[in-house]
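Chains as they are written, first to last, in the numbering used here: chain A, 8 to 118; chain B, 490 to 605.
Worth flagging that the hints you see were computed from the coordinates, not collected in a lab. Be careful, since some hints might not be right.
What the hints assert, rightly or not - Below are the DSSO-like pairs computed for lysine-lysine, each with C-alpha atoms no more than 30 Å apart in a straight line:
| hint | chain 1 | residue 1 | chain 2 | residue 2 |
| --- | --- | --- | --- | --- |
| 1 | B | 498 | B | 511 |
| 2 | B | 533 | A | 10 |
| 3 | B | 525 | B | 541 |
| 4 | B | 533 | A | 61 |
| 5 | B | 529 | A | 117 |
| 6 | B | 525 | B | 508 |
Listed here are the chains, written in short residue letters.
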Amino acid sequence: LAKTTQPISMDSYEGQEVNITCSHNNIATNDYITWYQQFPSQGPRFIIQGYKTKVTNEVASLFIPADRKSSTLSLPRVSLSDTAVYYCLVGEYAAGNKLTFGGGTRVLVKP
Amino acid sequence: DTAVSQTPKYLVTQMGNDKSIKCEQNLGHDTMYWYKQDSKKFLKIMFSYNNKELIINETVPNRFSPKSPDKAHLNLHINSLELGDSAVYFCASSQDISTGGAGWQFFGPGTRLTVL
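Please build the complete structure, drawing on both the sequences and the hints.
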């Protein structure tokens, strides 16, 4: 499984855009990139998944350069409720493959 | 309706006891998982079942035994509980309809196990 590296923590303010970059230099051809969000005392929640280029949904955008060795999760106009831990995961998610979580990035949104 | 539910939410017990945690998903998913999140907040896979068949069994002590009576349920039984078993246990499920599908997993609210 490709190893991922992401910042331990980030601070932001309400209304700002938050960008979290994840490095995955050893990503394999069949690997997908997935981001999860976890609030205190809750289970992780799927945010977005992509393979290449850009993916956007109602919550976030995921930017993946052509070499796929990194990816950036973009959270537009964050609010206090976006304070959470964000995990970047890389893997070939065929049936039953496990998710390998790293330490994640703790995002603190301040008023 | 809760997609993935776990019971109990909190479990406090003495060392040496046997306990079970139940998990149910109403999403019609094919695969279910158990994860353990320790005090340092690292999430690690323990088991995975696909259509009631065990497909992932990480290096977990034999005291932990998953049981899947049907596709919608995956229970975790723990024998002879030890202090180190204290953690939050999460159940999850996924629908593996295509490559990449298992990357989208739905997690339950967690069960906080405290062994005294």
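Hints, verified against the model:
{"no.": "1", "hint": "B/498 x B/511", "in the structure": "holds, 10 Å"}
{"no.": "2", "hint": "B/533 x A/10", "in the structure": "holds, 15 Å"}
{"no.": "3", "hint": "B/525 x B/541", "in the structure": "holds, 20 Å"}
{"no.": "4", "hint": "B/533 x A/61", "in the structure": "holds, 29 Å"}
{"no.": "5", "hint": "B/529 x A/117", "in the structure": "holds, 24 Å"}
{"no.": "6", "hint": "B/525 x B/508", "in the structure": "holds, 15 Å"}
Of the numbered hints stated above, none is contradicted by the structure.
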